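For the sequence shown, the UniProt record's numbering assigns the number 1 to the initial residue and increments by one for each residue that follows.
Only true hints are included.
Straight-line Cα separation of at most 20 Å, SDA-like style, residue types lysine to any residue; simulated pairs:
hint, residue 1, residue 2
1, K90, G202
2, K90, V103
3, K90, A157
Quick list of simulated restraints, FRET-style, between CB atoms:
hint, residue 1, residue 2, range
4, T274, P53, 52 to 62 Å
5, V273, W41, 30 to 40 Å
6, R10, E124, 10 to 20 Å
7, A58, M8, 14 to 24 Å
8, F27, R111, 16 to 26 Å
9, A121, R169, 23 to 33 Å
No wet-lab data here; the hints were simulated from the structure.
Nothing here was measured: the structure is a model prediction, and the numbers come from that model.
Just so it is clear, CB atoms sit at the ideal spot from N, CA and C, and this is done for glycine as well.
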Amino acid sequence: MNAGRVVMHRCAVAGVQATTADTTRSFARHSHDTFGVGVVWRGAQRSASGRGPVEARAGDVITVNPGEVHDGSPFDERGRAWRMLYFEPKLVHDVALELGAAVPSSVELERPVLRDEGFAACFERTFAAVATVPAVVSAGGRFDTLACEERLYALLAECVRRHTTVRLRASAGAAIDGMSASIRRAKARIDDDPCEPVTLAGLAFDAGLSRFQLLRGFARDTGLPPHAYLIQRRISLARRLIEQGMVLADAAAGAGFADQSHMTRAFVRAFGVTPAQYAGAVR
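The whole structure should be built from the sequences, with the hints applied where relevant.
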């Protein structure tokens with residue numbers, strides 16, 4: 001009988017590993033050195049974890065702490081399927097620190113299984129962004145690290161706030177003096193060269209802010225999160241290149257898009273027309 005398979009995906013963000021599984025296999029007791037967060041999307045599973053017996057069904061969020069010994073077996077011969085993201089402890093501790101944890105190294109995921117539809121949806125969007133890495137890279141495209149980082153960081157922030165034991169200071173993430181000037185520095189980096197790849201950590205460093213402060217302040221001051229703002233600047237640059245008569249594929253590359261189809265999707269979302277339709281109207 002085919003036991004199914006487990007697939008590990010590449011991820012452009014350091015400290016993160018993505019895995020999908022669709023299998024009837026039972027797993028012996030083991031542990032990970034990382035935090036694990038995932039969603040069961042088919043079937044159901046039983047396991048014995050360091051936080052007690054677990055039964056997880058389709059739609060449930062499942063979690064595991066570093067060093068937590070656990071196993072896993074399907075309910076029946078149909079097996080089960082899930083997606084998991086594994087995070088290096090330092091990454092989770094850093095997020096907890098930025099969110100105001102007094103002792104970030106003490107963070108633990110509270111429950112091994114939980115029902116949180118909003119968080120599960122956030123996870124699925126994040127996983128979809130992470131899982132695009134192999135396809136984009138193998139096709140010779142440019143992977144948008146900033147988009148992946150934004151989603152991963154937002155997921156971790158929600159996880160730390162809602163599903164861990166850590167206590168956060170109420171003032172964490174509040175505006176600091178001079179934040180607007182700091183945001184202007186991050187914005188200027190994008191404005192100066194929108195086709196240049198940027199990272200959330202790089203923008204936060206330029207601004208002199210934590211990643212959480214940058215995300216909140218950037219959206220407050222510009223009306224868009226950093227990645228959405230970057231895409232808008234790339235669209236503007238692509239429009240100018242198209243108006244100058246550049247062929248569409250070259251305009252996409254010149255504006256920093258992964259490929260022409262990526263530019264087309266961005267145009268349609270923003271204007272309701274394709275780049276080809278736009279070119280026909282302005283040339």
